[in-house]
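Dock chain to chain to rebuild the complex, using the hints, since each chain is given by itself in its own frame.
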Amino acid sequence: MKTYEFDNMNPDATVLRGVSPLVVEKPRALSHVHTYGGESKFFEGLTHGKLYATRCTNKGSGCVSAESGEMYLPPRVYCPDCLERMEWVELKNPKAKIHTHITIKYPGAFNRLPLPAHLISVEIEGVVTIMMSYLVGAEPKIGMEIEPRFNTTKPTFSILDLHWVPKGYKGR
Amino acid sequence: MIRFTEKNLRVPKQMRPVYVVAGGQSDYKKHYPEKKTEELAVEAFKMLAEENNLKVDGVLGLKGYIQSAFYGHFADHFGDQLLGESVIHDRLGLDPMPNIGVKTGGATGGSTVWMAANAIASGYSDCTLALGWERMDEVGTQEGNHYIACAADKDWETELGHIYTGYYALMAQRYWKVFGKESDAFRRTMAKISVKNHGYACSNPFAQAPMRLTVEDVLKSPIVADPLRFLDACLMSAGAAAVLLCDEKTAHELSDHPVRLYMGAGTHTLRTADRRPMEIPLLPHEEKDEEIKRYYKEELSHIDRYPGFTGFLAARMATYFAYRMAGIENDPCDELDVLELHDAFTISDIQTYEDIGLRPYGRGPEYIESGDAFLKDPETGKRGRCPSNLSGGLIGNMHAVGATGIMQIVEVLWQLQGKWGQFHADPKMWERFGKTKPADFEDLQVSDAKTGLAISHAGVGSHVTAAVLRKED
Chain A
882 MKTYEFDNMN PDATVLRGVS PLVVEKPRAL SHVHTYGGES KFFEGLTHGK LYATRCTNKG
942 SGCVSAESGE MYLPPRVYCP DCLERMEWVE LKNPKAKIHT HITIKYPGAF NRLPLPAHLI
1002 SVEIEGVVTI MMSYLVGAEP KIGMEIEPRF NTTKPTFSIL DLHWVPKGYK GR
Chain B
1400 MIRFTEKNLR VPKQMRPVYV VAGGQSDYKK HYPEKKTEEL AVEAFKMLAE ENNLKVDGVL
1460 GLKGYIQSAF YGHFADHFGD QLLGESVIHD RLGLDPMPNI GVKTGGATGG STVWMAANAI
1520 ASGYSDCTLA LGWERMDEVG TQEGNHYIAC AADKDWETEL GHIYTGYYAL MAQRYWKVFG
1580 KESDAFRRTM AKISVKNHGY ACSNPFAQAP MRLTVEDVLK SPIVADPLRF LDACLMSAGA
1640 AAVLLCDEKT AHELSDHPVR LYMGAGTHTL RTADRRPMEI PLLPHEEKDE EIKRYYKEEL
1700 SHIDRYPGFT GFLAARMATY FAYRMAGIEN DPCDELDVLE LHDAFTISDI QTYEDIGLRP
1760 YGRGPEYIES GDAFLKDPET GKRGRCPSNL SGGLIGNMHA VGATGIMQIV EVLWQLQGKW
1820 GQFHADPKMW ERFGKTKPAD FEDLQVSDAK TGLAISHAGV GSHVTAAVLR KED
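Top line first, the protein sequences correspond to chains A and B. Residue 1013 in the working numbering sits at position 132 of the first sequence, and the numbers go up by one each step. Residue 1760 in the working numbering sits at position 361 of the second sequence, and the numbers go up by one each step.
The following block holds chain B by itself, in its conformation from the complex (with noise of 0.2 Å):
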């Protein structure tokens, strides 16, 4: 569709508030032989039972609660299993309550997590599960990347090379020339977000590529799919992500540190190809803006269509209407505390800030820049406005595509609650998953975060979702 009514474009409305009360995950590996992926999503399952300070009596009593589980698993032929849902139900021991599974590529654990909280918002479930999995290391890195591939259009775009990575670089490449003038400064720009995500996953535990790495070591990093190199790109991963959402009564029962959801959610074709031009729906910051009005009337309509191969209009959809939801009516920059996003690649990254409105369409390289982007800006010491991804994203962290989604909004609960430290700093955490916990390890819990935002992201922009986390006063 490229022209609305009032009636597709209505807010989306939550018949009862909806709360995040826990999470839970496993470490991730690019190979995990060691443990069966049912294990993985039972160790995700107990950490959120056991570690989340919940007033229950451990797994045991938590089950009590759970009338509903939604599972996240993005390829049934990378897990070589139809139904596994039933499989980890079972593994979970939740049979006979129902379960569900969701499947949008690469946005699937988002999409679960918006399946999981519309049941409680209905009044369906009290007590809901969110869990996914991914596993891709059944078969090799030249396998893996045809099978990813088959989530482009079989007939029209697989053929041509079996590679995700080509299909993301053809809408990287227009970006890169058409707002990044080809110049080194913005191909520098790309590369300090692999270096900030790299850096911040040497103080994650769970995290798959800690690295600490500079700018010329991006930079010369074997190319993949010009302008896109080795690591620029997001990682292939095992493991497992869970999290627990409650109505406002159980929410409280089970915990002391409940944090409200919102969560809006769009698409877009899965061919690129197909993106027609139309009109830029304005987040509510900018339709208060004239200046951005003007800018994208008058300026950016002549220097590239809307949405073609620049932007992602499903991540822009999924924050028209999760903003519009949690009341996110100014600058997101300044609303905003904590962010993760989905970094598939350091392009799509800069691309997904300007759907998202942390900067307008054509300047998202100014969110990097500015030093709004970390935590503590490497350059001045300042601190940034609104950090994104302090776990290491999808570069950095992991990308177990069933549980990515899941493991972005742990991390945003955790920080919101304030337990960043209780799951990263402990020594303890580290030695449980084989590791020491590094001498140059950073605090990155973010003082005083109120609001949080998790944007999870399939295909090229084929689905989105954004939840918008925020805790009570």
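Excised from the complex, chain A in its bound form (with noise of 0.2 Å):
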């Protein structure tokens, strides 16, 4: 094989794979710059303790979310059914339980949990929705009564942010 040189000093150089075919790889690195948009109060919520959820307050005009009273969580901006605005309403000690469970072994790329991750879906009173997030101080099982904690010193200012455990749990 013919040897070649490259500057790969440069970060977008092309790096060669192989002759025949010819393979190159095209490293880059890039960011994005995300909103949270009309959900900010959530995510922001979060990193003081707090949990956000959303209701439907448009009574008497035949949506399902309003007459039901049940809460979203995650939150939503606009009702699901009425597309009105929904209301911010805050979840004190809220009363939840593990719909289900997974123990995540082999994550992909960027991961930022600490590994071996539970991954559960979470139960909440009053709630319509069943939401994503992770237990921490215990082997996750159905049924299982759980509470919130918050990583409010070092926030990521994401979901990760957010993260259970065993009702009564004394650790963090």
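Heads up, a few of these hints could be off.
[Said to hold, decoys possible] What follows is a set of in silico ranges between Cβ atoms, one per label pair, in the way DEER data are often shown:
1) A:E965 to B:E1405: 19 to 27 Å
2) A:S901 to B:A1584: 48 to 56 Å
3) B:S1582 to A:V914: 44 to 52 Å
4) A:G1052 to B:D1733: 55 to 63 Å
5) B:D1479 to A:S901: 15 to 23 Å
6) A:K931 to B:E1778: 53 to 61 Å
7) B:S1582 to A:T1037: 37 to 45 Å
Everything labelled a hint here was simulated from the structure, so no lab data went into it. Please read all numbers here as calculations on a predicted model, not as lab measurements. For every residue, glycine included, the Cβ atom is placed at its ideal position computed from N, Cα and C.
Set out below in structure tokens:
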């Protein structure tokens, strides 16, 4: 194989991986600047130790969500039924349990969860949805009662700032 | 929506009949550096044009019929190419006829054919091409898993592990606990699906992962996300597949054996979190069955919420519409002769058996245990009522995402045309892909197959299409 010289100090430089067929590697690094928009209150709330959901107040309109009064978590800016703006509600001492769970051993690239990670889906009283999060401090079981913990000291400003622990758990 | 009106549920109409006329595929590999994506697409198209006994003069003759093209490509970031549709269309030499790209995650292939079928049904085109491709080998497996996880909600799910298998496994775990009772028997049923599909792949020259396995092999393979193991999961592939759809007159002009096509589609929330409880929409045969209705109302509703994490409402809605369009009113196991299902994972395959009515909700494993799922039951030697994934499916054959749903329709088409052997049994087909026809090759042509079904599925059930193919009398 003929040898070639490349300037690989440049992060965008091409790296030769093979010649027959000709295969090249094209490294790159980039950033996305992303807004949480109308959902910002939720993510900001986590950094203050607060858990916010939303509910529809459009009663008498025939809206299923407004009739039931059930809350949404993940929260929504607009009601999925009538598309009116929803109202923010702080969930204080939510009564929650594990709906289902798994343990991740081989995550994808860019994972920031400590491994092995216990992914859980969380049933919360009064909430119609079953949000995804993660559990710390125990092996998860379906039906296990849990309570939220927040990353208020060094927030990531992402969904990782919320996790759950077994009810009554003393640690973080 | 969790409440429907009659208008929502009106059975979709084709303004004129739609026919599948021809199919073609590349072979499938995890790494395919020998060929560019464009080459794979051209090879699939050439097979479609030249090897389906069409009454035209090869590629040039067929191009004289094509009025529009629908392209399925799941992931711009995997391909690292926006407007890849335009690249492929140029390499096929179909400019300046119109083309459009279709994207619905894992169901991209099925959705592409759905859109193409509607172009025929509406009268917009008399002859249209649906072609799909994917190549997932430009990035490493971990980066690839991140790219796939971008098809979850980026603020609410992707950050949690960057691995789609995890999001699926949450559903799997719930099903396994609620209906599987965490039993070894249930786990073995899951494993049998992997054994079956890897085994059928051994007789498919296009397939990426032919393997003769035992249940124990599957149960001993490494855990990815419990209870899902390596051999419970689908493949990552590079490859392309194509079908030709026509109106009745053109179909018969081009082919002696065109096959009718009916397609329905459904969707559900990208985040499983958002799936609100509702009543089960009933398939035609369930509507007539008082026992199933009683079971759903009095028993199932107390076991778990519907569709929750155990059912795929999108698959239920796709068949809700497609069965009614095609007049499938009785037990689908009696009406369907051959199936290609989206076996992304062994457990989601079981969940889908229920959504599409092969068994009532909660009883999916019976489709495997009864032998219905096999061409020949490995235990009893009896012919199954409606065998599935004789191609090897996503577990044994391929999951080149944009091509997958199209591959399924191609395989069902060839089965109904009695051409399975032409494309799988000829030693030259094996040699074309650098393979040798194996000594343990099995004839997987379903004799007298009249009606087939292909299910294409995305996300953790975000989009599903159901294609019913029926041979003319």
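Hints and how they fare:
| no. | hint | in the structure |
| --- | --- | --- |
| 1 | A:E965 to B:E1405: 19 to 27 Å | 26 Å, holds |
| 2 | A:S901 to B:A1584: 48 to 56 Å | 51 Å, holds |
| 3 | B:S1582 to A:V914: 44 to 52 Å | 50 Å, holds |
| 4 | A:G1052 to B:D1733: 55 to 63 Å | 57 Å, holds |
| 5 | B:D1479 to A:S901: 15 to 23 Å | 22 Å, holds |
| 6 | A:K931 to B:E1778: 53 to 61 Å | 58 Å, holds |
| 7 | B:S1582 to A:T1037: 37 to 45 Å | 40 Å, holds |
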